[in-house]
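Peer 1: Chain by chain, the residues run as shown.
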Amino acid sequence: AQSVAQPEDQVNVAEGNPLTVKCTYSVSGNPYLFWYVQYPNRGLQFLLKYITGDNLVKGSYGFEAEFNKSQTSFHLKKPSALVSDSALYFCAVRDSYTGTASKLTFGTGTRLQVTL
Amino acid sequence: DGGITQSPKYLFRKEGQNVTLSCEQNLNHDAMYWYRQDPGQGLRLIYYSQIVNDFQKGDIAEGYSVSREKKESFPLTVTSAQKNPTAFYLCASSIGTGALGYTFGSGTRLTVV
Numbered sequence: 056a057q058s059v060a061q062p063e064d065q066v067n068v069a070e071g072n073p074l075t076v077k078c079t080y081s082v083s084g085n086p087y088l089f090w091y092v093q094y095p096n097r098g099l100q101f102l103l104k105y106i107t108g109d110n111l112v113k114g115s116y117g118f119e120a121e122f123n124k125s126q127t128s129f130h131l132k133k134p135s136a137l138v139s140d141s142a143l144y145f146c147a148v149r150d151s152y153t154g155t156a157s158k159l160t161f162g163t164g165t166r167l168q169v170t171l
Numbered sequence: 006d007g008g009i010t011q012s013p014k015y016l017f018r019k020e021g022q023n024v025t026l027s028c029e030q031n032l033n034h035d036a037m038y039w040y041r042q043d044p045g046q047g048l049r050l051i052y053y054s055q056i057v058n059d060f061q062k063g064d065i066a067e068g069y070s071v072s073r074e075k076k077e078s079f080p081l082t083v084t085s086a087q088k089n090p091t092a093f094y095l096c097a098s099s100i101g102t103g104a105l106g107y108t109f110g111s112g113t114r115l116t117v118v
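So the sequences go chain by chain: U and Y. Quick note: the first sequence uses the working numbering, first residue 56, plus one each step. Quick note: the second sequence uses the working numbering, first residue 6, plus one each step.
If you're looking for bench data, these hints aren't it; they were derived computationally from the structure. Please note that the accuracy of each hint is not assured.
[As the list claims (entries may be wrong)] Here are some, though not all, of the chain U residues that point toward chain Y, as calculated from beta-carbon distances under 8 Å:
id : residue
1  : 73
2  : 96
3  : 101
4  : 105
5  : 158
6  : 163
7  : 166
[Said to hold, decoys possible] Each computed DSSO-like pair below joins lysine-lysine, with the alpha-carbon atoms no more than 30 Å apart:
id : chain 1 : residue 1 : chain 2 : residue 2
8  : U       : 104       : Y       : 88
9  : Y       : 14        : Y       : 88
10 : Y       : 62        : Y       : 88
11 : Y       : 76        : U       : 104
12 : Y       : 62        : U       : 104
Beta carbons: idealized from backbone N, C-alpha and C, even for Gly.
Please work from the sequences and hints to get the whole structure.
Peer 2: Right under this line is the structure:
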């Protein structure tokens with residue numbers, strides 16, 4: 056079975072400081088990893104994904120994530136946080152098997168609060 | 006613009022009633038999914054469908070039903086058998102089996118009154 060852990064319910068950071076939202080995963084084969092963001096009463100918006108290739112993935116709104124196979128992690132990062140980045144962030148994983156049985160598994164979400 | 010439309014945005018249900026949540030996509034995606042979101046629990050899969058006229062139960066299917074008569078549409082019915090239906094419901098779709106990720110609708114908030 057595949058699973059995702061987001062160990063922090065909330066991350067607080069001051070505007071202008073770097074931010075990290077942590078994600079670790081477990082999957083039987085090679086992972087496909089995703090980050091999504093959710094604003095209040097809205098659906099999830101895609102930020103970035105890792106399928107293969109370079110371990111550092113760049114995505115929307117200045118976010119990036121680093122795939123670390125040995126630590127089974129895919130932490131989300133941004134060099135300089137903005138107040139508008141405040142939202143709920145979800146990490147998701149699936150294995151690389153493309154059959155019908157494989158679906159995305161989501162973490163429980165991390166609330167990012169950026170303050171002035 | 007292509008996307009997924011969920012309606013209504015807010016829905017109120019009396020106990021004992023069935024209600025149906027609408028999900029329509031014009032992305033020509035093959036697969037569609039229904040998730041339930043509760044605070045602190047992330048997203049839990051209710052049902053999914055890879056092709057028309059076929060669907061599978063997810064992790065929390067009890068008390069829910071779906072149909073997939075058209076590629077574009079995947080309505081979810083919350084039946085009276087669902088003991089705690091108050092939640093935020095999200096519909097998603099994907100190309101193929103979703104290896105490249107999902108596209109989400111804006112959600113329906115269901116409240117039992």
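Peer 1: Could you run down the list of hints and mark each one as holding or not?
Peer 2: Right, here's what the structure says about each hint:
| no. | hint | in the structure |
| --- | --- | --- |
| 1 | 73 | 25 Å, violated |
| 2 | 96 | 7 Å, holds |
| 3 | 101 | 6 Å, holds |
| 4 | 105 | 11 Å, violated |
| 5 | 158 | 7 Å, holds |
| 6 | 163 | 4 Å, holds |
| 7 | 166 | 10 Å, violated |
| 8 | U:104 <-> Y:88 | 36 Å, violated |
| 9 | Y:14 <-> Y:88 | 21 Å, holds |
| 10 | Y:62 <-> Y:88 | 18 Å, holds |
| 11 | Y:76 <-> U:104 | 26 Å, holds |
| 12 | Y:62 <-> U:104 | 26 Å, holds |
Of the numbered hints given earlier, the model fails hints 1, 4, 7, 8; all others are met.
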